[in-house]
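Chains as they are written, first to last, in the numbering used here: chain A, -10 to 279; chain B, 311 to 620.
These are computed hints drawn from the structure, not numbers from a lab. Predicted model, so just to flag it, every value in this text is computed and none were measured. Be a bit skeptical, because a hint or two may be false.
[What the hints assert, rightly or not] Here are some of the chain B residues that sit facing chain A, going by a computed Cβ distance under 10 Å:
1) Val335
2) Leu338
3) Val445
4) Val460
5) Ala475
6) Leu525
7) Leu528
8) Gly553
9) Ala575
10) Asp578
11) Leu586
We put the beta carbon where it would ideally sit given N, CA and C, even for glycine.
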Amino acid sequence: MSDAVKQEEQLGMEPRRLPSASICCAIGWLGLLLALGLFGRWLAPYDHTAIDLLDRLAPPVGFGGSFAHPLGTDELGRDLLSRLLVSIQMSVLIACGATLLGAILGTLLGFLAAHVKGAVEQAILALVDFQATMPFLILALAILAFIGNSLVIFMGLLALHGWERYARIARGLALSANTQGYAGAVWQLGASPARIYLVHILPNVMATLIVSMTIAFPEIVLVESGLSFLGLGVQPPATSLGSMVGNGRDYLATAPWILIIPAATISLMALSVSLVGDWLRDRFERTGLR
Amino acid sequence: MMFVVVRLARALLTILIVVSFAFVVLRLSGDPALAILTNEAPPEALLAFRQSWGLDQPVLVQYLTYLRTILSGDLGVSMRDGRDAFTVVAERIPITLAITIPALVISIAIGVTAGICAAFNPNSRLDRGIMLAAVAGFTVPSFVLGLLLVLVFSVWLGILPSGGAQHWTNAILPIVTLGVGSAATLARYTRAALLEVLDRPYVRTASAKGVPWRLTILSHALPNAAIPMVTILGFLVGQLIAGAVVVENVFSWPGVGRLLVASVASRDLAVVQCLLFFVAATMIAANIVADILYSLFDPRLRASTHGGGA
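Between the sequences and the hints, there should be enough to build the whole structure, so can you do that?
Written out as C-alpha cells, the structure is:
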C-alpha cells in the first residue's frame, strides 16, 4: 500500500486518499451484516416463528422493554431480534445469489454477443435495449403474476435485474480485448473460444464487472424488499427485511419499532453499499482500471 | 429524417419484444385459457377461448395469432369485474398522473437547484451535504420513506392524512415520497453535468471577456449542461412508474400501481398484460421525447441530421 502511494507520488499523481470515516463505517456495517447473514440464525435467541401471545407488542430495551426481547416483539409475540437476524440472512442470501447469477448470465451473454456476430448479437442487443427501457419492477410483477412465486423463481427473477449492464460492459470490453494482441496470440496457439474468454479476457475485465456488481447489489436489495413489502416476494413463514416492514405497517401507530428496526437496517445497508461502490469506482478510475 | 426513421424502427422493435415477452411468460404459466378464464369457466368457454386464440395450433401460429389479436387492440377482459381490461386500466391513469406529474415538476425544481448549488461550490460543506442527502434520497426505499412520513406527519403530528384519496391533502405525502428519489437523481446528474461544462474553454472565454458570472452561467453553462441531462428523462419516468407502484400501495392511492399489485396478487392476467403494454408505451414515448429534446438542445445534432453536410 505504502509502495503504491510512493509510486504514485513519484509519477506526479495525487496520492491515494485513505477511506474516509463514512466509508469505514459503511464497510464495517456491511461486514457486520455479512457475518450476521452467515451466522445470525444460530445467534438468534428464539425461533423466528415462535409465538408468545402473552408477550405481544413488547417495546425494545430503552423504551420500556426487557432484555428477554431486546428489540421487542411483534403482534404475535414473536421475538423481533430473532426475526431480524433470520431476515438479514434471507435478504443477504437472495441479494448475493441474484447479483452473482445476474453477473454470470450478463457476462456470458455479453461475451457471446462479442464472439458470434450477426443475428445472435443483434438479438442480444435488442434484449439489452428492452431491459434497459422497461422499469424492472414492472417486469418482475408481470413475471410473478404469470408464473407464480417460489424462493427459486424469486431469486432467478431478481437475477434478471441488471444483467443488461454486465452484458453491455462485457461485450464492449471483449470487443476491445479482441483487437489487442494477447487474445489473438492465444487464439493462434489453438485455444478454444471458451478458454480465451474465461481464462484470458475475463480476468482483465473483472475489476469493471465487480464495480457494476456493487451498483446492482443495493438495487436488488431494494427490489427484493419492495416486492416482499408488497406481499409478492418472500412468502411466510420465511421472512425478509421487506416483509418485516410490510408486517409492521399495520402497527405503525401503536408499535412503530416493528417497522423502524428492519426499515433502518435496509436503508443503512443500501446506503453503505452505495458509498462503498462510489469509493471503489473512484479508486479503480484513479488506478486506470476502468 | 433518417434519425426519426431509425428511432421509430427501434420503438416498433421494443413493442414487438414486449408483446413477445408477454406471450412467452403467458405460455410458461401453463394453459393460458385456464390462467385468464380461471378454473370456474365452463368447458365451452375454454374451448371457444382456445380456438379464438389459436391454442390448438402450432406454437408459431399461436404467436402470430397472439400478435394479431393484441395489435388489433383486443387486450382481454378483467376476470375480477368482467369489464374490458383496457377500460379498467384507462380509468386509473389520471389518478396516477395526479401524483406523478407534480412529483416530477417538484423534483426537477428542487433537484436541479440543489445540483447547481453543489456544482458552484465543489467540495465545500454545502456540496458534500447535498451529495450525501442525494445518496440517501436515492437509496432509502420509497416504502420506508413513505411510512416514516406517515409516522411523523399523520401519527405524531396528526396534520396530514395517512392514506386514501378523499381530499387534495391526501396527495401531499405520496407526491413528496415519489419526488425525493427523482430529486436525488437529478441533483447528482445536474452537478456532474455542470462541473463538466464549467471546465470548458468557452466558459473561461466568456468570463475572460468580462461577461458577468451570472450571465455566463445562465446563457453559456446551463444550456450546455442541459444536453446530457435530457437523456435521463426516460430513466426518471421509469423511476416514477416503479415508485408509483410502491407509493400508491403505501398510501392506498387508487391509481395504476395499486391496480397492478392487486391484479398480480389475484392473477388477473388480462389486466397485468394491459398494464405491461401501457408502461412499455409510456417508456417508449418518454424516450422519443427525450431524443427530440436532445436534438432541439444540441444544435450540432440538428445540423448533422437536417443538412447532412450542408
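Does the nearest C-beta of chain A fall within a distance shorter than 10 Å of the C-beta of B/Ala575? Cβ of B/Ala575 sits 7 Å from chain A, so the hint holds.
Using Cβ atoms only, decide whether B/Val335 comes closer than 10 Å to chain A, and label the hint accordingly. holds (4 Å)
Does the closest beta carbon of chain A sit nearer than 10 Å to the beta carbon of B/Gly553? holds (9 Å)
At a threshold of 10 Å, is the proposed contact between B/Ala475 and chain A supported by beta-carbon distances? Hint on B/Ala475: violated, closest Cβ of chain A at ~18 Å, above 10 Å.
A closest beta-carbon separation below 10 Å is what the hint needs, so does B/Leu338 meet it against chain A? OK, holds: B/Leu338 within 10 Å of chain A, min 6 Å.
Do the numbers back the hint for B/Asp578, that is, is its least Cβ distance to chain A under 10 Å? holds (8 Å)
May I ask you to test the interface hint for B/Leu528 with respect to chain A, counting a Cβ-Cβ separation under 10 Å as satisfied? For B/Leu528, the interface hint is violated, since the closest Cβ of chain A sits about 30 Å away, which is over 10 Å.
Does B/Leu586 pass the interface hint, meaning its C-beta sits closer than 10 Å to a C-beta of chain A? holds (5 Å)
Would the hint on B/Val460 stand, with a C-beta cut-off of 10 Å toward chain A? Cβ of B/Val460 sits 6 Å from chain A, so the hint holds.
Taking the least C-beta to C-beta distance, is B/Val445 closer than 10 Å to chain A? Hint holds; B/Val445 Cβ to chain A Cβ min 6 Å, cut 10 Å.
Please verify that hint: B/Leu525, Cβ, nearest Cβ of chain A, below 10 Å or not. The hint is violated - B/Leu525 has no Cβ within 10 Å of chain A, the shortest such distance being about 34 Å.
Of the hints listed earlier, those the structure fails to meet are numbers 5, 6, 7, in rising order.
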